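Line by line, the protein sequences are chains H and S. FYI, full-length UniProt numbering numbers position 180 of the first sequence as 180, with every residue one higher than the one before it. FYI, full-length UniProt numbering numbers position 156 of the second sequence as 156, with every residue one higher than the one before it.
There's no promise every hint is true.
Only pairs whose alpha carbons sit at most 20 Å apart, straight line, appear in this in silico EDC-like list of lysine to aspartate or glutamate [what the hints assert, rightly or not]:
no., chain 1, residue 1, chain 2, residue 2
1, H, LYS18, S, GLU155
2, H, LYS273, S, ASP112
3, H, LYS115, H, GLU98
4, H, LYS273, S, GLU139
5, H, LYS175, H, ASP80
If you're looking for bench data, these hints aren't it; they were derived computationally from the structure. This one's a predicted model, so the numbers in the text were calculated from it and none came from an experiment.
For reference, the chains in residue letters:
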Amino acid sequence: MSALIRLEHLTRDFDVSKPWLNRVIERLPKATLRAVADVSLEVEENSVYALVGESGSGKSTIGRIIAGLVPASDGVVEIDGVDIVSGDAARIAEVRRELQMIFQDPYASLNPRWKVRDIIAEPVAVRGGDVSGLAERLLEQVGLSAADAGKFPHEFSGGQRQRICIARALASNPKIIICDEPTSALDVSVQSQVLNLMSDLREEMGLTYLFISHDLTVVQHMADRIGVLYLGALVEEAPRDRLFAAPKHPYTQMLFDAAPRMDAFGREVDPPKGEIPDAINPPPGCPYHPRCPLATERCRSEVPQPRMIGETRVRCHHAE
Amino acid sequence: MSDPVLSVRDLVVEIPTRRGVLRPVDGVSYDIAAGEILGVVGESGAGKSMTGNAVIGLLDRPARITSGEILLTGQPIHRLQGEALRRLRGRRMGMIFQDPLTSLNPLLTVGDQLTETILEHLDVSPAEARERAVAALDEVGIPAARQRIGSYPHEFSGGMRQRVVIALALCAEPELVIADEPTTALDVSVQAQIVALLKRLCRERGVAVMLVTHDMGVIAEAADRVAVMYAGRLAELGPVRDVVTAARHPYTAGLMASTPDASRGQRRLRQIPGAMPRLDALPVGCAFHPRCDRAEPRCRQTPGPTLSACDGRAACWFPLGQPKEVLA
Numbered sequence: 001m002s003a004l005i006r007l008e009h010l011t012r013d014f015d016v017s018k019p020w021l022n023r024v025i026e027r028l029p030k031a032t033l034r035a036v037a038d039v040s041l042e043v044e045e046n047s048v049y050a051l052v053g054e055s056g057s058g059k060s061t062i063g064r065i066i067a068g069l070v071p072a073s074d075g076v077v078e079i080d081g082v083d084i085v086s087g088d089a090a091r092i093a094e095v096r097r098e099l100q101m102i103f104q105d106p107y108a109s110l111n112p113r114w115k116v117r118d119i120i121a122e123p124v125a126v127r128g129g130d131v132s133g134l135a136e137r138l139l140e141q142v143g144l145s146a147a148d149a150g151k152f153p154h155e156f157s158g159g160q161r162q163r164i165c166i167a168r169a170l171a172s173n174p175k176i177i178i179c180d181e182p183t184s185a186l187d188v189s190v191q192s193q194v195l196n197l198m199s200d201l202r203e204e205m206g207l208t209y210l211f212i213s214h215d216l217t218v219v220q221h222m223a224d225r226i227g228v229l230y231l232g233a234l235v236e237e238a239p240r241d242r243l244f245a246a247p248k249h250p251y252t253q254m255l256f257d258a259a260p261r262m263d264a265f266g267r268e269v270d271p272p273k274g275e276i277p278d279a280i281n282p283p284p285g286c287p288y289h290p291r292c293p294l295a296t297e298r299c300r301s302e303v304p305q306p307r308m309i310g311e312t313r314v315r316c317h318h319a320e
Numbered sequence: 001m002s003d004p005v006l007s008v009r010d011l012v013v014e015i016p017t018r019r020g021v022l023r024p025v026d027g028v029s030y031d032i033a034a035g036e037i038l039g040v041v042g043e044s045g046a047g048k049s050m051t052g053n054a055v056i057g058l059l060d061r062p063a064r065i066t067s068g069e070i071l072l073t074g075q076p077i078h079r080l081q082g083e084a085l086r087r088l089r090g091r092r093m094g095m096i097f098q099d100p101l102t103s104l105n106p107l108l109t110v111g112d113q114l115t116e117t118i119l120e121h122l123d124v125s126p127a128e129a130r131e132r133a134v135a136a137l138d139e140v141g142i143p144a145a146r147q148r149i150g151s152y153p154h155e156f157s158g159g160m161r162q163r164v165v166i167a168l169a170l171c172a173e174p175e176l177v178i179a180d181e182p183t184t185a186l187d188v189s190v191q192a193q194i195v196a197l198l199k200r201l202c203r204e205r206g207v208a209v210m211l212v213t214h215d216m217g218v219i220a221e222a223a224d225r226v227a228v229m230y231a232g233r234l235a236e237l238g239p240v241r242d243v244v245t246a247a248r249h250p251y252t253a254g255l256m257a258s259t260p261d262a263s264r265g266q267r268r269l270r271q272i273p274g275a276m277p278r279l280d281a282l283p284v285g286c287a288f289h290p291r292c293d294r295a296e297p298r299c300r301q302t303p304g305p306t307l308s309a310c311d312g313r314a315a316c317w318f319p320l321g322q323p324k325e326v327l328a
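Build out the structure end to end from the sequences listed, making use of the hints.
Next up, the structure:
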């Protein structure tokens, strides 16, 4: 199997310093926020790779770097064998065509002044392709009717809008779709419709998904392989069943314990301690050590490097 | 058994519009006892927040209560207005909203906001109010409460801010708390902390809690009983275990089945076709029948039964788990 997306030691820093004059007057140092810290992963063709993590864990930033919306600070990003950080511009433009994105908010990601036909056909029209009948065909493929092409986005419900977003993503015949929380804004019964549609399309068209979500139940349903992010670092990565059967990293274990469950009536959980630390001044050593029950002196000083335990790649000194 | 803290009877909320009168809440009845958490679930537009707002008297015009009654420990409150309502709110009923940042005043320290509320509702000296404010922050699990009392809302994280909001809702020792999506804006680990906190406070203080959320997992863990709403009506009401494991209303059953759950091991999720109807285009008959796979001619012609007309559990002509002939 070949990797369609390959990240190697990907890092992204954001400059969050105060303005220049304030820094001089208040004698403040430059401040940077490391949103993605040394992330390496591979996404295989026709698979679903899910990135999970809480807010501020860097999952959306990784998606945006792969989509080319945000440049990487350091590291390698390869899509279909083409390095999109330092590769040849013509080849990058070509490989970009194979990649589309679906966003969280279907209300904000459709232009309210455009007809659905123009929204869906835009990715093809902008490259001078043939768009006759394209929108109608795609609308039927995502479970809407061809007559909807002449309507405006406000005439549709949230779930239908997300279907329009999916149709637009499919227009340029991509290989990879980056889905950034595609169902978080939808109700449960509509969410299941959209997830089923995404599964069907993947089989019909051989798509590869990078699925970004905070919802463990959705991830467990959709993903083949899962990467867990904490403060920008990939703390654990494993095939789906492996990860849910035997989470290795204490953070993953905490996440699983904290997630509400349908069968846990009146469950008395000992809620997890603490919160995600400030990403501008992350703790030294392992970023999870202030909340970790296993933390020792070593965790406070030495950043753990990824190591393999069976099929699981984990960044922890103590996991076993 | 003593009187329930909150008793809602056949509540109807209407919004007059140019195209006719909409009913976002249509004949809803339920009770909440002291120390009990009633979960209210439903999809967006089902009327769950509107019910909560009606109880606490926060309906925005032109929405108004047109019939039914709301009793707080047996005393009708649905006709109260102005000063009388204001005194009730905060003192006897507390409210927790979804977004903690917008429910706190960014220009006042959390200590000032807490003492203001306490002085308004309780007959105590300013010094004692301050002590109570510290105790309230301490109780909701804010570390170093005495130092943090001088902090502004922006100096707290999202989870800590929601704790401050809970402290605010509880500082005048109300009998009823309405929590409208209190954990929706929070991360999983923080959500678990807030749910545990709500459960503890409810049990220790005997507060009646109405927990409005769309997350079935949160309901299953926190609520004692659950009310499922659909298109402004109660579809099902019952003990949480019964409703989750053996739903009677086809909508509840569909809702449960469409929540992803790996233990069922299915490759495809069950889906309810279509979407909830808009309030200005409700179908004739039972509001759920266009999406229901059990619909019979009767469901298409006659509006769904009210809860009390059935067994008090599911507002359906042909509830699940019962042979169809019996009711038909």
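Could you grab the alpha-carbon distance between H/LYS115 and H/GLU98 and see if it respects the 20 Å cut-off? Violated, because 24 Å separates the two Cα atoms, which is more than 20 Å.
Take a quick look at whether H/LYS18 and S/GLU155 sit within 20 Å of each other, Cα to Cα. holds (17 Å)
Given the hinted pair H/LYS273 and S/ASP112, is their Cα-Cα distance within 20 Å? violated (28 Å)
Regarding the pair H/LYS273 and S/GLU139, is the alpha-carbon distance no greater than 20 Å? holds (16 Å)
Please verify whether H/LYS175 and H/ASP80 have alpha carbons no more than 20 Å apart. Judged against 20 Å, a Cα distance of about 10 Å means the pair holds.
Hint compliance for this structure: hints 2 and 3 are not met, and every other hint is.
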